Amino acid sequence: MYRNWIAASLLALAPAVASAQSKPADPAPAKPQQGEPAPKPKAEPTAPKPQANADQAHKPYVVGNMVDPTLSFVDLEGKTRTLKEFAGKTILLDFWSIECPVSKGYEARLTQLANDYASKGVVFLAVNANSGEIADDTFAKIKDYVKKEKVPYTILIDKKNVVADRFDAQTTPHVFVIDDKGKLRYAGGVDDDETFKKDAKAVKSFVRDALDAVLAGKEPPQATTKPHGCSIKRAGAKS
Amino acid sequence: MPARRTGAFVRSHASRTAAAIACAIAAAFFPSACGPKAPAAAPPAPASGGVVVAVDFDGLQQLLAARGARATVVNCWATWCAPCVAELPDLLAAAAPWKESVEVVLLSYDLMVPNSGLDRVSGVAHVQRFLEQRKLLLGEHVRVVLYDDAVSKLDDRFDLPGPIPTTVVLDRDGKVVGREKSAATRARFDELFGAAAK
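Protein sequence lines, in the order shown, are assigned to chains A and B.
Every position in the first sequence, counted from 1, becomes a number in my numbering once 22 is added.
Here my numbering is used: position 184 in the second sequence is 179, and no number is missing along the way.
Please keep in mind that the hints were generated in silico from the structure rather than gathered at the bench.
The model shown is predicted, which means the values in this text are computed figures rather than measured ones.
Some clues are possibly wrong.
[What the hints assert, rightly or not] Here are some chain B residues pointing at chain A (derived, C-beta under 10 Å): (1) Cys76; (2) Lys94; (3) Tyr104; (4) Met107; (5) Pro109; (6) Asn110; (7) Asp144; (8) Ala145; (9) Gly157.
Virtual Cβ for every residue (Gly too), placed ideally from N, Cα, C.
Work out the full structure: start from the sequences and follow the hints.
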């Protein structure tokens, strides 16, 4: 693990990377949605309703917003993918990096989480929006990493940061839970390991709590937490 | 690149010893430095000149309280954070003209990584070595502090956004009077130091 950390540090410190990894200017403060109808927990899954956010098409989502199912990515084979194909399923979306030591440090916990919830129908999508990691259209480094680390979840590439900007993703990791109706239900960090030294079994996992609640048709105990980690290196970011 | 890869992170016995000595020296001045638990009393802090100390949150508070009548610019960074490292030269250059009136705290998040493989001693050695190899000119007005405690305490104390880099300006009373939530330019750092010195 330490060797990985070293490699990640060195990669992160490459001057070309260093020149462009700042996140963009602070987003406008998000305001809670008013008057949005409560979800019907027992109802059959229905198609998400992107028009619910039509008045704020360019503003980042906040918890409670409907997520646009046409948001698109490419996968590691270069094929276009959208959230539509996961309609009716609970989605765990994690902004992810193969270089950030914090994201990599959470890999084992997230892998366990993905495995634990796969049988409950939860789709785990890891989104790489770091321009330095996705510049190569063959995504060779990412493929190597996925193979070496036996990453079990689906990797999606957010080439122009459209998805990262819509979610106002700040860090890797930064986790979002979308329910089976397409509504954003949780945004934040992975767990309460504030000193980053806890045993994985001793942490209180915000994501597990959110998933358990959403799957049970309840509100997550904490809908938002503060994410910590590496800032996402967006395309075209100034040094 | 390969040369740097080999040289940058080799953990030599000598560097570990040097780190232990640095910790011992620092611990003489900062009770919370490098040790898991330390007594509460804190004599006035010495100028650091780039010596890295590891502290918990209370140790950081003591360190900040011991800065005398100086305003302070706290920059949250890590060796693994590329934009943080990229802005360090600009930060230090902007700080130099204000070295008599504004102190700089480079607050490292290098231990804020799951499974980092670093403890306080090796973390101090790692950061110390990193700064030496980068040949960054850390004057007496610059303290380098390796943070080892709950990150939420920092978030609450300084109202931090979460990601790094981020920079906050404290006035002589320790009150936050300015901030940059993400990476800053030289011009922005000039503004922050100007605000600090008011």
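Hint-by-hint comparison with the structure:
no., hint, verdict
1, Cys76, "holds (6 Å)"
2, Lys94, "violated (25 Å)"
3, Tyr104, "holds (8 Å)"
4, Met107, "holds (5 Å)"
5, Pro109, "holds (3 Å)"
6, Asn110, "holds (5 Å)"
7, Asp144, "holds (6 Å)"
8, Ala145, "holds (4 Å)"
9, Gly157, "holds (5 Å)"
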